[in-house]
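Engineer: Take the sequences, apply the hints, and build the full model.
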Amino acid sequence: MASRYHEVYADWKRDPVGFWAEAAKAIDWYSPAEKVFDPTAGVYGRWFIGATCNTCFNAIDRHVAGGRAYQLALIHDSAITGTIRKFTYAELKREVVALASVLKNRGIGKGDRIIIYMPMVAEAAIAMLASARIGAVHSVVFGGFASHELATRIDDAKPKLIISASCGLEPGRVVAYKPLLDKAIEMSKHKPDACLILQRDQLRCEMTDNFDIDYADAVARERAAGANVDCVPVLATDPLYIIYTSGTTGQPKGIVRDNGGHMVALEWTMDNEFGVKPGEVFWAASDVGWVVGHSYIVYGPLLHGATSVLFEGKPIGTPDAGTYWRVISEHGVVALFTAPTAFRAIKGQDPQGDFVPKYDLSKFRTLFLAGERADPETIKWAEQKLNRPVIDHWWQTETGSPMTINPAGLGLLPVKYGSPGVPMPGYDIRVLDDAGHEVPRGTLGNVVVKLPLPAGCLPTLWNADTRFRQAYLEEFPGFYKTADAGMIDEDGYLYVMARTDDIINVAGHRLSTGAMEEVLAAHPDVAECAVIGIADAMKGQVPLGFVVLNAGVSRDTGAIESEVVGLVRERIGPVAAFKTVVTIKRLPKTRSGKILRGTMQKIADKEEWAMPATIDDPAILDEISTALKGRGIGI
641 MASRYHEVYA
651 DWKRDPVGFW
661 AEAAKAIDWY
671 SPAEKVFDPT
681 AGVYGRWFIG
691 ATCNTCFNAI
701 DRHVAGGRAY
711 QLALIHDSAI
721 TGTIRKFTYA
731 ELKREVVALA
741 SVLKNRGIGK
751 GDRIIIYMPM
761 VAEAAIAMLA
771 SARIGAVHSV
781 VFGGFASHEL
791 ATRIDDAKPK
801 LIISASCGLE
811 PGRVVAYKPL
821 LDKAIEMSKH
831 KPDACLILQR
841 DQLRCEMTDN
851 FDIDYADAVA
861 RERAAGANVD
871 CVPVLATDPL
881 YIIYTSGTTG
891 QPKGIVRDNG
901 GHMVALEWTM
911 DNEFGVKPGE
921 VFWAASDVGW
931 VVGHSYIVYG
941 PLLHGATSVL
951 FEGKPIGTPD
961 AGTYWRVISE
971 HGVVALFTAP
981 TAFRAIKGQD
991 PQGDFVPKYD
1001 LSKFRTLFLA
1011 GERADPETIK
1021 WAEQKLNRPV
1031 IDHWWQTETG
1041 SPMTINPAGL
1051 GLLPVKYGSP
1061 GVPMPGYDIR
1071 VLDDAGHEVP
1081 RGTLGNVVVK
1091 LPLPAGCLPT
1101 LWNADTRFRQ
1111 AYLEEFPGFY
1121 KTADAGMIDE
1131 DGYLYVMART
1141 DDIINVAGHR
1151 LSTGAMEEVL
1161 AAHPDVAECA
1171 VIGIADAMKG
1181 QVPLGFVVLN
1191 AGVSRDTGAI
1201 ESEVVGLVRE
1211 RIGPVAAFKT
1221 VVTIKRLPKT
1231 RSGKILRGTM
1241 QKIADKEEWA
1251 MPATIDDPAI
1261 LDEISTALKG
1271 RGIGI
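Reminder that position 277 of the sequence shown reads as 917 in this note's numbering, one-by-one numbering, no gaps.
In case anyone wonders, no lab produced these hints; they're calculated from the structure. Don't be surprised by glycine CBs; every beta carbon is placed ideally from N, CA and C. Any given hint could turn out to be false.
Lysine-lysine pairs mimicking BS3-like chemistry, simulated, CA-CA at most 25 angstroms apart [unchecked claim]:
#1 Lys1225 <-> Lys1242
#2 Lys1219 <-> Lys1179
#3 Lys1020 <-> Lys1225
#4 Lys1234 <-> Lys1020
#5 Lys954 <-> Lys1003
#6 Lys798 <-> Lys823
#7 Lys1121 <-> Lys1090
#8 Lys653 <-> Lys1056
#9 Lys1056 <-> Lys1225
#10 Lys1003 <-> Lys917
#11 Lys726 <-> Lys917
Label pairs and their calculated CB-CB ranges [said to hold, decoys possible]:
#12 Ser1002 <-> Lys831: 36 to 42 angstroms
#13 Asp1129 <-> Pro811: 39 to 45 angstroms
#14 Lys831 <-> Ser1265: 37 to 43 angstroms
#15 Trp1249 <-> Arg644: 17 to 23 angstroms
#16 Asp1196 <-> Asp1105: 53 to 59 angstroms
#17 Gly1076 <-> Gln711: 47 to 53 angstroms
#18 Phe851 <-> Gln1110: 34 to 40 angstroms
#19 Ser1194 <-> Ala642: 46 to 52 angstroms
Structural biologist: Below, the structure is given as structure tokens:
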């Protein structure tokens, strides 16, 4: 079908306030907004001033009352334990109400904070919804985060209660959460009143008397007593959650998400951007600890009346590179949203795509990729093996939903490899030079968004308006700074080349490491790659490439490295000064799949570096150091 994108985007641009007022009709409100947008409120304005609502009501209760009581709401598929649990909307409501009663009985109410430090279990989503039900503010901290990182979040959010579990599960290992939690509480200045602990059979933990509460026992008691907790009306501008993202100063930034704008934005994206209908099965293969998990495992699909898959596993090794196809086939998934890293891992283990035809993917329509740059080779591989549209898109923790995408629900536009699509309603995206002047189309610069930000974006940082202004609004007055570098082409497609601090300056030439990574990824033997800039006395910086080879490649690594260097010289030119590629077994990544380029750069440049709190496997950094030293780098 012809895409309606240009017409819809023009409608928004013509009347931004009217556009969001119309979108808000898809949400059930206790009382409507007195003002859809007030430019004088908050730091840059606030959406749906005076409206009252409840996110849990919109995600669960209205569907139970409206005919979806017996439709599946949530499927917890644990590839690690080999178990599947399913909840209808009515069953999910029962669980959420019971937990909400536990919280309420402990004196937790509107505006109080709860930290959720959980693995990928259904109870993590239930905890978020129970918090929303009583008007509390949740802050989900990625399960297994180091104690120091958890302690900084405890001190910033000041929770009355922490909900956690005895352990998390990774392929081949069990991560004990309780010692990490206990140490974090010991380190933090703020002390919560209690901890609610979900005991998992894989590793049970010792409970502290008069402080730790058994989650299952407490919830079972409320359920047996027939507890009923109504949804608490809150203002649209009241916070629903705080999610922490790493700050450049080392102090994490508490990104605030409000109730009203968040619901309106997510509901709109489910249909118009992801093309998913109520009753269909949507799967975001992320973690509830990240923004993707908040928006598209828990809130987006449930607000929309869809069925959401919450997956505990990895794209490979649980048990093999066919696990994603198994989940899609078994649960009738129509759309999958995951990180490009996942597909590079699958492609590395199964380069020919032999696992794909073993599963029934007849209901599967669209693959969405985001979280980092999707290199064209990975997209082409997925298109070829799946024979489905593969849609790259771009957004941030701060925005809560896509800034750019090729909108499946409005009708797909032509795909441009290397571009995460076109701006969505709400986002007037510009590219500026360092002095704040707009640059010509096709020119690399700072990607910014003209204020005000749309409904659903962060209104500020938790208790830190000044820091919010400094971090995002001061450098380019009138604009929100994304801290990404990129360009817009003549058709309005955005190309995000790198974080601005990943642009390297080689003898005065500003070069994108992302563009070089595209070339490395195009080599048929390369499964994954990364390019960093390292210090050079002559040129200031020079690029250094890392490659992980596809499974089964037995060719001489030196020959492959020479070919890769030749490709960069051919496609980007000698100006890139690209001379060195190091073959490694695996790349260091965060648990959400982002490559730790900054840490690799510090190792190569012999700079002081700290073990990243989010790293998946610390041993990989030793492997990187050894490989670099073998080339005389970082000695």
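Engineer: Output the numbers, in ascending order, of every earlier hint that fails for this structure.
Structural biologist: 9, 12 and 15
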